[in-house]
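With chain A's structure known, arrange chain B on it following the hints.
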Amino acid sequence: MFFSNANNHKNKNMFMKKLFLLTAIIIAGFSFAIAQKSITGKVTSKKTGAPLPGVSVIVPGTGKATQTDANGNFSLSNVPANSKITFSFIGYKAFESNLPAGNSLQIEMDEDARELSEVVVTALGIRRTDKALGYSVAKVDPDALLQKSEPDVLKGLQGKVAGVDIRSGQGTPGAATRIQIRGNNSFFGNSQPLIVVDGVPFSNDQVTTSNQASGGGAYSSGIANLDPNDIASMNVLKGSSAAALYGSRASNGVIVITTKSGSAKRTKGAEISLKSSVSTEEIANFPEYQNEYGAGSQFAYSNANGSWGPAFRNRDSIPAWPSYKAAYPELFPSANIAYRPDPGNVESVFRRGWVYENSVSLNGGNEKSSVGLTASHLNHKGYVYNSSYNRANVGLGASAKLDIGLNVSGNFSYARSHQEGGFFGENQIGGAASSFARTLFLARNWDYSLPFEDKNGLPLQHNVTGYDHPRWSAKYNTNNTNEERIVAGVHADFNINKWIRLDYTFGSNVASLDRREVTEIGSRAAAGLGRLILDNYRKQELESNFLITVSPRINDDFIVKAIVGNNVNQRTITNTTQTGSQFITKGIHTLGNTSQQQFTTDFYSRQRIIGLFGDVTVSYRNFAFINGTVRNDWSSTLPVENRSYLYPSVSGSLVFTDAFGIKSNWLDYGKVRAGWAKVGRDASPYSLEDVYTINPNFLGIPSATLPNTANSPDLKPEFTQELEIGAQLSFFKRRAEIDVTWYDRKSTNLIAIITTPASSGYGAKVTNFGGISNEGVEIDLTVRPVRTKDINWEVHGIFTKNKNIVTSLTGGVERIQAAGVIAGINPYFEPGMPYGYLRGTVSARDDEGNLLIDPVTGWMIQADDEQFIGNPNPDWKLGVTNTLTYKNFSLGVLWDMTKGGDMYSVTVNSLMGRGVTKDTRDRETSWIIPGVYGDPNDPGQPLLDGGGKKIPNHTAITTNDLYFSAGGPSGSFAINSSTEWQIFDATVYRLREVTLGYDLPKTIFNKTPIKGIRVSLSGRNLWHEAPNFPRYTNFDPEVNSFGATNVQGIELSAAPTTRRFGFNVNVTF
Amino acid sequence: MIMLRKIKNLIPLVALVSASSCEKNFLDINTDPNNPTAVEVSKILPTTQRTLGDALSLDENNGGLSNVLAVYAHQMSTREEADKYGMTGADPVIATPWAKLYSATANPGTSFPVYGVLQNLEDIIKNATEEGNLRYAGIAKILKAYSYSVLTDVFGDVPFSEANKLKEGVLYPKFDDDGAIYDALFPLIDEGIADLNNTTAANTLRPGTDDLIYAGNVARWVKAANTLKLKLYTQIRKVKNVSAEINALITSGNLISATNEMFVIPYGPNGATDDRNPGFFTYYATQRSNHVSPWFYEILKGYNPNILTGNPDPRLPYYIYNQLNATQASRDGNQTEYRDGPFVSIYFGSVGPDRDRTQQNSISLFGIYPVGGKYDDGSATIADANSGTGASPYRLITYADRLYLEAELIQAGVITGDVTAKLNAAIQESFKQVDYVITQWVKPAQSVPALTGAAAVTAYINKVMTEFAAASAQKKMEIIMTQKWLSSVGSSVDQYNDIRRTGYPVIFNPGDPAMAPGGFVQPPINGDPVNPGAQKRVPVQLSRTFALALPWDQTELESNPNAPAQKNPSSYKVFWMP
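If you read the protein sequences in the order shown, they are chains A and B. Using our numbering, read the first sequence as starting at 1 and increasing by one per residue. Using our numbering, read the second sequence as starting at 1070 and increasing by one per residue.
The following block holds chain A by itself, in its conformation from the complex:
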């Protein structure tokens, strides 16, 4: 919950003290009541001198209270003598005054950074005090994301926010990161939170041009073009209660971001800050290779992929690689070459990567107007040759208060990014050419100092073919994406009188992407003839919000605030994809240079929502709060009779330490809260009526087909309900603070596509069915063991546990496939089972659980049916940040861990199956797989001896056979085995982030305009241990081949994670 910096702590401490003081005064107030008089006065801002409207003016112990009017004036009558008057206002230090001698009082209130931070921006930009929240909202300090050698905003959040699950994709620059709040709530649709930037939804789509199982790129998602340097505040609305006002898309939680440029404060003066960082990166987890055996099988040399050949000590030469000898005969004067290891061959495929980030931001203004500007540039060169991500951002915002009392503000930002990278996926799929096909498991004797292309620029591989040389692939098979995003918004607000305020926001967020996927002539993909895929995607989102806020005065104890509003949202997507095949001439990558073209996609969709909503908050004496919301949506995507739907929420909080006047030495502050909400959600556009699709011509004849998915004319909205209960406690003068939340979220009657058997005629049908539940606990704990003048030590821990279960499907359906990944392993939904659990092929076992062994081969027999083989959802996550400050130095260390969650890994399977790591080094032995003989014709049936007894396996196999089996119905433990053997428990411990910062003494620059200089060193992903993967594979389960999609726990030759070291400078003027 708290992302506090040192400053914050101090302020919080003061706030707590005041709370006690206040309570004490209230109690004391009862004992004195003598003479009375009337008071009038005016409250102004100490800093700007402007009058402050809406300040609470309370005479403690008397029940007397009022608010200042638009001109900052207030009046109170019959105030008892000896009373004190307290003034409180959001964003200002509470002020307490004795009664004046006369009848008038002038008060200047001081701004309070501490109090400001207690204001939480909730749904639709509504600000509430932390106390008043009946649900959990995490505030992220933007400083926690910056200058940490991590250019990705979401990755920067890892280990820092309770209740949030962040998973990386590929380890190459710009690759999408998946964020999830409190689990998956949707079967197939997007389960990622809604991201709202300056009041307008910010599309976070991952545009997938080519299937990521068979050669797609490390695609980024929309949030990548958000400039982290421009973030002024980030609030994570985790639960439905917090997000209910956003309606339809809030069921996955909401991240509310306010940019610096879009929220410039109207304060005097100007601030300029410069941030600059440089980091270097490398692969975090090279496997440890064996260098004793080269290519071949069963200790015999062959020009193979696997390193199961003879020991280097036993053979001194091999025939020269035929492809190399043909391409460069001059390099191979004799028929044979030395048989020796190239221990560094895998490392030689990569380079050192660099990340450069520079940003300047400027804020300034006066009491009437302000302007904010942020400009940033990121240049990230990945460790894979030709992989990079460049981004430039400019954000500008301004606000002004007009003389008629109207506040207007506007913001505009432009982002442009360019991502360059290769292709990934499962190389075994026909027509695929993964750049990581063999990269991490090169045969140990392959000499990688040799060229990767022949004299004509065609790829060369040691064993002829089967994959593209990784360096050739990096150079020629490229996936380039340009993205542009324009965000523009206007806001106006106006106080009609002291208790009615109008707010209007209109914004547009347009993201457009154009991508070129080039497969060069000579690649194993595209039949070796070359291919160009052009993808153009544009998403425009328009959002209009009109709010009327009414805060009438009821009496001194109760404060009521009511909001009614209207929201109109429109989303439009256009997407065209064109494929050109067979380059006419090599090296020119245009459609015109291809001899066959196809319009693959020409997609358009538009949807609209109109919402009307109300929100009422009642607070009692500033310690008890209740909030209720109701919203009705009308969606264009639902059938006319079902398009209107209504959903309410209610939440409340009680600061019980205030309410019951609890004073103790150990408990400073205590608040309990509870919330319940229901959120409705509509369908995707065009889900009601079936359409035909037009196919490419065949033999020159036009043709069409019915679609794979059958639509339904009778869809209804789906609903998610959530109950959450939480508490915030502070102990021993804030030596320890804890925030605990339990939630139970249930989504029912989901609009989803149900997988139907092919025999029904369709692969899927859109319908309402099923249920998903997420139940979990979030704990945020801060402990401050040392707090002295010079040394401060703070430990901040977060704990997230979420249980994501599919509660029901539809009548008679046992399970449905969540996505088609590859044969033998796919994610599934099944009632009572974890969301998207992995189901795949298993080895047959007898009734006692013994493995059944084929007596002929000595390998395990594959069962006919697929079974549960893994649950990709982690059991829990823990992050612990230690912050130690000593004078001008500060040290931050973040450890985190993920317990459980299974992963299917092609990388590990290949490392083992190809015999390249030290795991399989000791191989001059044979093995007997423990089990009993079984009948390969009838998997599951053991073979019996004459006496009717099972026969223990005694067929020995080699180490080679243990990890590499021929195809067919029996298999061993790695290549060509049942997929259950490639599933590993993905528990991982990690030293995520280390930062050492130093604030230069002011004396150095006190004659310059510089206000502060901070330098820091940062390290990222410095160490990890995933104990349940084979030891020498060093596998880091924090990769995922499917980026920001719902398919998790599957790694298909993904690019490994990175380790970075950086140096950062931050100068403020």
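Derived from the structure by calculation, the hints contain no laboratory data. Since this is a predicted model, take the numbers as computed values, not measurements. Please note: incorrect hints may appear among the correct ones.
[Unchecked claim] List time: in silico PhoX-like cross-link candidates among lysine-lysine, alpha-carbon distance up to 25 Å:
1. A:LYS368 / A:LYS401
2. A:LYS64 / A:LYS475
3. A:LYS716 / B:LYS1234
4. B:LYS1236 / A:LYS716
5. B:LYS1501 / B:LYS1512
6. A:LYS455 / A:LYS475
Frame of chain A, contents of chain B only:
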């Protein structure tokens, strides 16, 4: 107060804006402007025909049934799951044809266009019948019958009566008894013929070039339909007396009776669109897994000691393309498992050390006739996407097939006739059809000599007929079925049916001590030019016994609660098996 009044005016205004916004115009935008809700049946027909071919083809990329069945019929060998009869229902080579046959569009995600047959056929039948365009309905019914006959033959019980009825509310079709499905196919074909012959129908839309098979030629469709019936009756002859029905068909004279009447799915070259036979994929596959079976090769070469011994088949360079020449070392720098001069392959059931060695640019491939690949003129070049046009059709039933069916029926005593003449005609037609396919569709860039009339062909046929004349009744049946098997290379569904129905041709059995003494097979001892006189014998094994049916698509079983448990392919019998 003035302010308050303003507000009072404002609140209804907001409500008004929203209410009027809810008006139809603003929210009634949920119609996809880019895809049609209705198309003419003539646009759907080509999709179904082409996809039927794809689903049955040798396709090793997206999966065609022949990719498995050619291995089970021992014309192809592979390292993939089909080896040792190990195919499981989880394999895409089963799942994709299953989905192609039943669905409207099979699950996307593959690089190749994947559409569906039966759902689209049902759509044609429904719309064409409503519109009175009965020729389309007739063609669709015949294609539907053909598709179901294949599904039943290879899988046994399959969804039929409740299949393709999702729009009528059946999400999970039951599996029907295979015999009952067959019973329903004959009337379905008759309905199709009746629709084609219906002269009172409006037929405002008549099939033309959109009918890829017969370009709307009704007479040929009727012949194809009748020949399909002949095939289906022959298929069930062991469990039912079908003499009367078959005699009636033959007497009618309305069967496929000429080379150009063959019932095939045409393919084209890689032109404006990629129209190639999916079996051609091997030519540009990144990892070639379709090997030509040594068993098949040896019979073609006349090496098999039991049949056609010493009678080399002149179709060899049309059937098989060798990337190597007779003396060249493996281009991949690896030891071969099976080598006979230019011919390189691996054995079915092999567990030999050289089986898995890369031979990408050295193995022999199916040639110009089965897949539109390269005619083997001895050039010994590496096969690639430019080695052929890929424009060879997938043959459903040819005139030669009809003649072989009759020869089988005569030999089995179901009908009467001169079996020798029938077999001779069938073999002659088989050679003729190779020439026809190459000139009519493949249209190669290289020059390919004609088989018809070649002396070697005459010599070959004479020798076969001599062997036939001397053979026992049983051997006669073996020769008929073996010739049919040789003739139908590339279209393996009927080969698999024939083997299960008649036991012929004899297929390689690694467990048979006569074929693999001591569990070893011996490639031609001097076949390897690199190590003459030293070609190693190869250990072979079987994991499972011969599969009597293919396992059902596992995805279907997983997603259909009305599906049975997965079968044991080694013991599951299709109803027509004795």
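Results for each hint:
1. A:LYS368 / A:LYS401: The hint holds at about 5 Å.
2. A:LYS64 / A:LYS475: Violated. LYS64 (chain A) to LYS475 (chain A) sits at ~76 Å, over the 25 Å cutoff.
3. A:LYS716 / B:LYS1234: 23 Å, holds
4. B:LYS1236 / A:LYS716: Distance of about 18 Å is within 25 Å: holds.
5. B:LYS1501 / B:LYS1512: 16 Å, holds
6. A:LYS455 / A:LYS475: 15 Å, holds
Hint 2 alone, counting from the list given before, is not met by this structure.
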